[in-house]
Amino acid sequence: MSQTQQHESSSGLATIIASSSVGTLIEWYDFYIFGSLAKEISTQFFPSDNPTAAFLSTLATFAAGFIVRPFGALFFGRLGDIVGRKYTFLVTLLLMGGATFAIGLIPGYKTIGALAPILVLTLRLLQGLAIGGEYGGAATYVAEHSPVDKRGFWTSWIQITATVGLFVSLMVILLCRNSMSKEAFADWGWRVPFWLSILMVGISIVIRLRMNESPLFAKLKSEGKTVTNPLAESFGKKENFKMVLLALFGAICGQGVVWYTGQFYIMNFIKGSCAVEAAQAETWVGIALLLATPFFVVFATLSDKIGRKWIMLAGLALAVFTTKPIFQKVNAVTSPKNKTEVADKMVAAPAAVKPDAKNPLDMISKTDTTRFYTDGTSFKTTTEITIFADSTKKAAKPKVTKVVTLGASNKWSVIGLVFLLVLYATMAYGPVAAFLVELFPTRIRYTSMSLPYHIGNGVFGGLVPFIGALLVEYSPTKDIYAGLDYPIGVAALCLVIGIFFLPNNVNNVDEA
Amino acid sequence: MDIIKKIIGVLCMLIAPTAAYLLTTNGIAKIAAADAANKTNATTQWTILILIFLPVMAGLFLFGLYGAKGEYSEEIK
Chain A
0 MSQTQQHESS SGLATIIASS SVGTLIEWYD FYIFGSLAKE ISTQFFPSDN
50 PTAAFLSTLA TFAAGFIVRP FGALFFGRLG DIVGRKYTFL VTLLLMGGAT
100 FAIGLIPGYK TIGALAPILV LTLRLLQGLA IGGEYGGAAT YVAEHSPVDK
150 RGFWTSWIQI TATVGLFVSL MVILLCRNSM SKEAFADWGW RVPFWLSILM
200 VGISIVIRLR MNESPLFAKL KSEGKTVTNP LAESFGKKEN FKMVLLALFG
250 AICGQGVVWY TGQFYIMNFI KGSCAVEAAQ AETWVGIALL LATPFFVVFA
300 TLSDKIGRKW IMLAGLALAV FTTKPIFQKV NAVTSPKNKT EVADKMVAAP
350 AAVKPDAKNP LDMISKTDTT RFYTDGTSFK TTTEITIFAD STKKAAKPKV
400 TKVVTLGASN KWSVIGLVFL LVLYATMAYG PVAAFLVELF PTRIRYTSMS
450 LPYHIGNGVF GGLVPFIGAL LVEYSPTKDI YAGLDYPIGV AALCLVIGIF
500 FLPNNVNNVD EA
Chain B
0 MDIIKKIIGV LCMLIAPTAA YLLTTNGIAK IAAADAANKT NATTQWTILI
50 LIFLPVMAGL FLFGLYGAKG EYSEEIK
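Just so you know, the protein sequences line up as chains A and B, in that order. For the first sequence, the residue numbers in numbering that gives the first Met the number 0 are 0 to 511. For the second sequence, the residue numbers in numbering that gives the first Met the number 0 are 0 to 76.
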C-alpha cells in the first residue's frame, strides 16, 4: 500500500482537520482570555498592595508562558510518542478546558484570601502546560493524516488557530462587555468567557474521541517500532539533537519574534508610543489580522510546491529590512505633529478640582485640552496636578495623558501597514508545522518538534513586548524604535543561519 | 558553503556567551535595584528571564560548536 493510499479521502481529511483545528483554536482561546482579562483578574485575585499576591501575579504571567510551555512540550511530547497522538492531545484539551473553567469559578481575594491567587496561579500553570502539549500533537496528527504532497496546506489550518483563537477571545470579551454594565463586568461578567470555554471544550472532546489514531503512528506501534524513551532519543542522540537546535535557531526563534511583533508589539506601539485610543487601535489591528489570516494557508500551500525554506526565510528577510520603516511610517501617520491643526476649534476645559481618592486632604486639579486637525483627527491632553495639603511638601510632577483619535482618512494607511507586518508573520509561520514535521522521524516527532516550537514562540516571541519596553527604557534618548532591535536582531541571526543551514524540504520525510 | 557554515558556527559560539553575560549582569543589577526598592515583581521577572535564557544560550553555543566542527556540513535530507 502506498503512503498516499494510506491517507484519508479529502472529505475524511477535512473532518480530521476541522476537529483538530477547532480543539487547538479553543486551547488558544483559553490561553489568551487570561491575558486579555489581565486587568480584571488582577483586581479580583492579585491586589497590588499585597506583595505576595503581586509575586504570584508575575509568576502567573511569566512562568506560564516562558517556563511551563516548554515543559508541557517535553511532558506531552514524550507521552505522544509513547502512547499516541490522539489520546495525548485529548488530555491537553481536557486539562486546558478544566483549568480555564475552574479559573472562572474561584472566589476572589476578598472572599478566600491568599488561597485565591494560589489557585489561579496553579490553574494558569496547568494552562501553560496544556498549550505546550497541544500544538505539537495537533500538527503531528494532521500531518500524519495528510497526503505527503499537501502537508503544508492541511497543516496550515492548525497554523491559523493561534491568530483566530486570539481574535475569538477578543470578540467574546467584547460581546460580554457590551452586554452588561461596566460594574457588572468587573464584578462577575469577566468570568463568562471562562465558563463558555467548557461548552466549547466539551463539544471538541466528543469530536476528538471519535477520531482515529494517526495512521503513521498506528503503523509504527503495530510494528513495535515506537521508542520507549523519546526524550533520550530526541535530545540524547546527537543526530536528532542537532536538528532540534537547527529548527530552533534556523527557523523558529525568528518566526516567533516576527509573529509577536506583527500581532502584539505593534498593538502596544500604536496604543503606547503613538497614544492612539485603545478601542480604535484594537479595531484597526483586528481588521488587519482578519485580512492577513488567509495568507497562512496561501503561503503554506505554496510551500508544498516550492519548499518551506525560502518562504519562511523571505518572511524573515522582509521583516528584518522593513519592520523599522513600517513602525516609523505608523508613527508618522498617527502623530498630530504631522497634521494641520484647526486652531479655532481647540477646546480647553476649565480646570476641575477634586479631592485625591487616596488622600482626601490633597486635591487634584485636572485640565483637558482637545485639539482638532483637518483630517478629522483629535488630540486630547489631560494634565493632572496634585496640590498637597501640606504646603511644605515638594510639588508633584504633573501627570500628562495623551489620547489621539485618528480621523477616518488614516484608517486604511494604518491597517495597510499593520497588514504588511502580519503578512510577514504568515510567510514565516504558515509552513512551520509542515517544516517541523518533515524534519523529524515519526517515532520522536511529537517530542522533537514541540520543544523548539515553544522555546521559539513562547520564549523568544513571548518576550518581544517585555524586552522591547526594556530596550526603550535603556536607550539614552528613550528612542521609541529601540525596542525593535531585539526582534530584528533575532530574526536577522535566524535568517543567516537559515539561509546556510536549513534544508529546503518539499515533502521529504522519514516515516519511521 | 562549508567554510561559511563554520564561520557562522564560530559567530554563534561568540554571540551565546556574550548574550548570556550581558543578560546576567544586567539582570543582577536590575534585581539588586528592585530589591532595594522592594519591588518583588521585577526580581521575579528577571530571575525567570535569566533562568530560561541561560540554557537557551547554551543551546546556541552548542549549535555553533556543531557548526564550527562541520557537523552540519553533510547534505541534510
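Just so you know, the hints here were simulated from the structure itself, not pulled from any lab data. Bear in mind that the values here come from a model prediction, so they are computed numbers and not experimental data. Please note that a few of the clues may not be correct.
Derived pair list, reagent style PhoX-like, types lysine-lysine, alpha-carbon separation capped at 20 angstroms [what the hints assert, rightly or not]:
1) Lys29/B x Lys241/A
2) Lys237/A x Lys29/B
3) Lys357/A x Lys304/A
4) Lys5/B x Lys237/A
5) Lys477/A x Lys68/B
6) Lys5/B x Lys477/A
7) Lys237/A x Lys336/A
Which residues of chain A face chain B? A few of them, derived with a C-beta cut under 7 angstroms, are [said to hold, decoys possible]:
8) Ile66
9) Phe70
10) Leu73
11) Phe74
12) Lys241
13) Ile498
14) Phe499
15) Phe500
Think of the CB as a built atom: it goes at the ideal place given N, C-alpha and C, for glycine as much as any other residue.
Hints and how they fare:
Distance restraint check for Lys29/B and Lys241/A: the Cα-Cα separation of roughly 34 angstroms exceeds the 20 angstroms cut-off, and the hinted pair is therefore not satisfied. The hinted pair formed by Lys237/A and Lys29/B fails the criterion: a straight-line CA distance of about 37 angstroms is larger than 20 angstroms. Distance check on the hinted pair: Lys357/A and Lys304/A sit about 64 angstroms apart at the alpha-carbon level, beyond 20 angstroms; violated. For the proposed pair Lys5/B and Lys237/A, the alpha carbon gap of about 18 angstroms is at most 20 angstroms, so the pair holds.
With a CA separation close to 42 angstroms, the supplied pair Lys477/A and Lys68/B exceeds the 20 angstroms bound. With a C-alpha separation of about 38 angstroms, the suggested pair Lys5/B and Lys477/A falls outside the 20 angstroms cut-off, and the hint is violated. Proposed proximity of Lys237/A and Lys336/A is contradicted: the alpha carbons are some 57 angstroms apart, above 20 angstroms. At about 6 angstroms, the closest approach between the beta carbon of Ile66/A and any beta carbon in chain B falls short of 7 angstroms, and the interface hint on this residue holds.
Interface restraint check for Phe70/A: the shortest CB-CB distance to chain B comes to about 11 angstroms, outside 7 angstroms, so the restraint is violated. Interface hint at Leu73/A: violated, since its Cβ lies 12 angstroms from the closest Cβ of chain B, which is beyond the 7 angstroms cut-off. The beta carbon of Phe74/A is not positioned within 7 angstroms of any beta carbon in chain B (closest approach about 17 angstroms), and the interface hint is therefore violated. With a least beta-carbon distance of about 6 angstroms to chain B, the hint placing Lys241/A at the interface is held under the 7 angstroms criterion.
A cut of 7 angstroms between beta carbons decides the hint on Ile498/A: the least distance to chain B is about 9 angstroms, and the hint is violated. Below 7 angstroms, beta-carbon pairs count as interface contacts, and Phe499/A has one with chain B at about 5 angstroms; its hint therefore holds. Annotation: interface hint on Phe500/A holds; nearest CB of chain B at approximately 5 angstroms, less than 7 angstroms.
Going through the hint list in order, the structure does not satisfy hints 1, 2, 3, 5, 6, 7, 9, 10, 11, 13.
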